Amino acid sequence: MSEPLIEVGGLRKFFHVGRNRVLKAVQDISFTIAKGETLGLVGESGCGKSTAGRTMIRLYEPTAGSVAFDGTDVTKLPKSKFKAYRRKMQMIFQDPYASLNPRLTVLDIVGEALDIHGLAGSRAERKRRVERLLEAVGLNAEHASRYPHEFSGGQRQRIGITRALAVEPAFVVCDEPISALDVSIQAQIVNLLIELQKKMGLTYLFVAHDLSMVKYMSDRVAVMYLGKIVELARSEDLYADPRHPYTQALLSAIPVPDPDLEARKERMILKGELPSPIHPPSGCPFRTRCPAATVRCSEEEPVLREVRPGHRASCHYA
Amino acid sequence: MPSELNLNADSDASPDRFRKIGRDPKRAERIARKSLSAWQDIRYRLFANKLALFGMYLMVAVVLFAIFAPLFSHYNYFSNDLDRTNQAPGFRHWFGTDDLGRDMYVRTWKGAQISLFVGVVAALIDLAIGIVYGGIMGYFGGKTDEIMNRIAEVLYAIPYLLVVILLLVVMPPSLTTIIVAMSITGWINMAWIVRGQIMQLKNEEYALASRALGAGPFRILFRHLIPNAMGPILVTLTLTVPGAMFTEAFLSFLGLGVQSPIASWGTMINDGVKAMTVYPWRLLFPALLLSLTMFAFNVFGDGLRDAFDPKLKK
Amino acid sequence: MKTLLDVKDLSVSFGVYGGEVQAVRGISFAVTEGEAVAIVGESGSGKSVTAQAIMRLLAVPPGKIRGGSITFAGQDLLALPEKEMQKVRGRQIGMIFQDPMTSLNPTMTVGAQIMEGLVRHRRMSRAAAKKRAIELLATVGIPHAESRISQYPHHFSGGMRQRAMIAIALACSPALLIADEPTTALDVTIQAQILRLMKELQRQTRSSIILITHDLGIVADLCDRVIVMYAGQIVETGTKREIFRNPQHPYTKGLLRSLPRLNQAKDEPLVPIYGTPPDLIMPPPGCPFCSRCEEAMQICETDVPAFTRLSETQSVRCWLQHPQARPEECGGKGASA
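Line by line, the protein sequences give chains A, B and C. Quick note on numbering: the first sequence equals residues 1 to 318 in UniProt numbering. Quick note on numbering: the second sequence equals residues 1 to 314 in UniProt numbering. Quick note on numbering: the third sequence equals residues 1 to 337 in UniProt numbering.
Hints are computed from structural coordinates only; laboratory data are not their basis. Heads up, a few of these hints could be off.
[Stated by the list, open to error] Derived DSSO-like pairs: lysine-lysine, alpha-carbon spacing no greater than 27 Å straight-line:
1) A:Lys83 <-> B:Lys143
2) C:Lys199 <-> A:Lys271
3) B:Lys202 <-> A:Lys81
4) A:Lys76 <-> B:Lys143
5) C:Lys199 <-> A:Lys265
6) A:Lys81 <-> B:Lys143
7) A:Lys88 <-> B:Lys202
8) C:Lys253 <-> B:Lys20
9) A:Lys79 <-> B:Lys202
10) A:Lys79 <-> B:Lys143
11) B:Lys50 <-> C:Lys64
12) C:Lys8 <-> C:Lys64
13) A:Lys83 <-> B:Lys202
14) C:Lys131 <-> A:Lys271
15) B:Lys202 <-> A:Lys24
16) A:Lys265 <-> C:Lys253
17) B:Lys202 <-> A:Lys76
18) A:Lys24 <-> B:Lys143
Since the structure is predicted, the reported quantities are computational estimates derived from the model, not experimental observations.
With the hints as constraints, model all of the structure from the sequences given.
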C-alpha cells in the first residue's frame, strides 16, 4: 500500500446535551487512509459515522485526538492556516435536497467554492469553469442558471459533487451520498465517484449504511457501533469472513434481489435497537444485542485487536 | 389485466422505425419545466391568494393617494379658512373641514404621508438592527448569544412609555423623537425572530457545505441563512408597519407626536374625538383610513407567510 | 381467487404553476385476496400517488383524479362520499407510511392512536379496545406492551414507531394493507426486523398487501407479484420469479443490474441507468423510458408501446417485443422461466 494521506489517531467527539450529560458520539477511533484509497465507514444511524467524518474535516471541533493530512495535524492548526487545508479536504453531503441553498442558482452554488478560494479571476471565467465542471459530472452547461428544486435527486447530488470538486481537493468525505437516492440512481452516483477518483487521484472516506454499495466502492471497510470501530478489514476479507457478530448481523440483514436465494437464506436478525449513546452498556457496547454475549462481555470491554494480518476486530471471541 | 398489444396492427410500420438509436444523453438530463426561481414561486402563490392581493392593492392605493392627493388639490393642509369651519363633507370639501376650516381631504392624505413614513421607517430600522443583532445571536450561539440575549431582555423590560417620556426630556416632540423612541425597543422582536430562524437554519446541510468550503461566518450568515429566513422576516416586517403606525397614532393622541399644523392620522383622530358627537366626519375619515391600512398590511403579511410556507396552510 | 382491488385506467394529475403534472397515466392492475403485490418504481414514478388515490388521501387541489375507476370489495371507491370513505380507511384498508417520525401524532399516546380506530370502526368499549391495543403492540414485537401503550411517540425509536404504525394499520384487521416505503427510513438491521414482521403477519392474517418501494431487493422476500412503474405508467408486471429471472423491459433489467451483489468483484462495474426520468408536466410522446434506454429505437421516440403478454402472469410494455424489432434480440421473447 502507498503512503497514508490521512492518519486519524484517537479521535474523539463528545457533545454536551443538557446538564451534565455527555453524548459520546465518537470515541477514540484510529485509522489511516492511503493516497487514492477508499475507506468505507458503515454502521447504523446514531453510531457516530457521520460525526466522525465531519470531525475529520473540522466541521466539528474534535474533543481529543488528531487528524493528520499528509503529515500535518490539521486539528491543531489555527483557523487562518487551516483554510488552505479546507480546500484539500472536502465533503459530499447526504441529503441532496437539503445541501443546496434553495435561493441560489447552480452557478452561484458551485461558484461560491471558487469565490472563497479566489480560483476564478473574472465573472466570465467563473461561469466558464462552473459550466465545465457541470459537464464533467454529466450535466449540461445550461443547467447553471437553474435553481436546485428544478433538479431530480440524482442531478442534485451531482451538483453537490461538483461543488466539492470545484476546489480541487485531495480527500473527500462522502457522507452517505447515495442513501437518499433511488436505487436506479445510486449506481450512477457511485460510478461517477469512482470515475472521478481515477481521474483526479482522490482519496475517499465513504460513509454509508448500505453494505453492498460500500463493499463495491471501498478498498477497506470500518464498521462502527456506538461511537467505536468494532471491525476494520480489507473489504473482501470483511465480507468473506466477518469476525464481529455485529458485522455478521449487518451482512445478513442485506436484502438480496433474488427470490430463491432469499427463500433459502438463514437471516440473523438482531434483537432490539441501538442503545442510547448517552448511557452506553458496560463492557462491550454490542453485548445487549449480541446473540453470543457472555458474562465476560458485560465486565470487560474488548479492544480492537488484529485477528489476522490486516484484519482487526473488537470482540473477545473473534 | 392490462390490455394486450395486437402486434399485427403495426405490421405496416416501415422497418426503418425499428432502427436502433440508443440512449440520448443530452435529452436524458433535460429539464422540461421552465425555470422558476424560489422567489417567482412565492410570487405565484402570493398572487393566487385573493385576500392578500386585495390587501396589496389597498396598500398601493393608500400610498399613491398619500403621495398625489395633496398635490392635485387646490387646498393645502395648513391654510385656515375661518369662514368655513367644521363643514360637512360635500363637493367643495370632500371630507369636510376641521375647526380652523382646513380641508380634511388634504389633511387626511398629508397625515397618511406622516403615518406611513413613521411606520415604514420604524420597520426598516427594526429590520436592519434586528437582522444584524439577531443574526449574530443565532449564528454564534453559546456565550455570545447569552450575553446579547440578556441585553435585549433588559431593554424589552423597560416600560415603553417611560422611554418616550424620558426621551422627551432631552428631545423636542417631533417625528424624529417618535421614531427614535419606537426604535429603541422595537427591533428586539425582529432580532428574536431572526435568532430563532438562524438557529434552525445554521445546521442545514447547505450551511455546513459552505463552511466545509471555507466560508467565514458573515458569508454564511448573509448569503445563505438570512435569504432563507426572509419569509418570517418579511412577514414580521409587514406586521411591524401597522404596529408602528398605531404606536405613532397613540403617541400623537397623547400629544407627544408631530406638532400642529402638521397632522398625522393620530393627531387628527385626537382632534376628531373631541368633536365626535357634533362633527363625526372629523373622526371618521382618519380613523377609517388608519383601520383600512392596518387591515391591508395584516392580510398582506398573512398572505406572505402562506406564500413562503405553504405547509402552514394545509 | 377473488379479486379484492381492481384499479382500471387510473389517471391522476397535479396542477402546478405553468401546467399539470400527469403523475399517473392510465394504470390498470388487480390485487386478489391474500396476495402480496409490490409496486416498484423510482420517486416520481407515480407509485405513492397511486396508493394515495386508492386511499383517497390525495390533496385536492392540486391533485385531481382525471379518470379511471378503483373498485374495492365490490364498491367503487372513487364514487364513495367522504363519510363512507372514512369507514373504508382504517377498517378495510390500512396504510403504513414511509416516515415513522412524522406519521404518528406526537400529542397522543401510542395506545390512544391504536384504540382510535377500534373505538370508531369496531364500536369497542374503551376497556376492550385497550386490551386489544396491548395485544396488537405485543404482536408487532414491542416488549412491555402494557406500559408502552401509555407512552408518547417520542419515547419510541424509529423502528418501534414503525412497529406501532403497523399495529395501528392492523388494528381493525383490514382486508388490504398498503405499505408505502415502510422501511426506507430505517437502518438495515431494523429493516430486516420489520420485513420479517410483515411477512409473519401476512401469513397469519392472510390480508392482501400492496408494498410500494424503490428497492427491488426487499421485494424478493415478501411479495408474490411485482408491478414495475415508470413515469406514471406500468411498464412490466409479472410474478416475482418472472421479474427477477426473466425481466423483459429494459428498465426492469436496468433496475436489477444497478444493484450491487455482495459477490460482485470490484473490477466488475455496476451498470447504472443513466439520465433522469422525464418531467411529467410534458410527458414524451413515445415510450417514457426512451431517452435513458440503451436499446431505444426510432419508433420508441414517437409511439407509446402497448402491452405484450408473455405468459399468464407476465406482461411488458416495450417495442422490443414487436416482431420487427431486431430479430436477434427477440429470439427468447416470451420464454418465461
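Hint-by-hint comparison with the structure:
1. A:Lys83 <-> B:Lys143: holds (25 Å)
2. C:Lys199 <-> A:Lys271: holds (17 Å)
3. B:Lys202 <-> A:Lys81: Satisfied, since the Cα-Cα distance of roughly 24 Å is no more than 27 Å.
4. A:Lys76 <-> B:Lys143: holds (23 Å)
5. C:Lys199 <-> A:Lys265: holds (14 Å)
6. A:Lys81 <-> B:Lys143: Since the Cα atoms of lysine 81 (chain A) and lysine 143 (chain B) sit roughly 25 Å apart, the hinted pair holds (cutoff 27 Å).
7. A:Lys88 <-> B:Lys202: holds (23 Å)
8. C:Lys253 <-> B:Lys20: holds (18 Å)
9. A:Lys79 <-> B:Lys202: Holds - the C-alpha atoms of lysine 202 (chain B) and lysine 79 (chain A) are around 19 Å apart, at most 27 Å.
10. A:Lys79 <-> B:Lys143: Measuring from Cα to Cα gives roughly 20 Å; hence the hint holds.
11. B:Lys50 <-> C:Lys64: Holds, at roughly 22 Å.
12. C:Lys8 <-> C:Lys64: Holds, because 16 Å separates the two Cα atoms, which is no more than 27 Å.
13. A:Lys83 <-> B:Lys202: holds (20 Å)
14. C:Lys131 <-> A:Lys271: holds (25 Å)
15. B:Lys202 <-> A:Lys24: holds (22 Å)
16. A:Lys265 <-> C:Lys253: OK: lysine 265 (chain A) and lysine 253 (chain C) at ~23 Å, within 27 Å.
17. B:Lys202 <-> A:Lys76: holds (24 Å)
18. A:Lys24 <-> B:Lys143: holds (23 Å)
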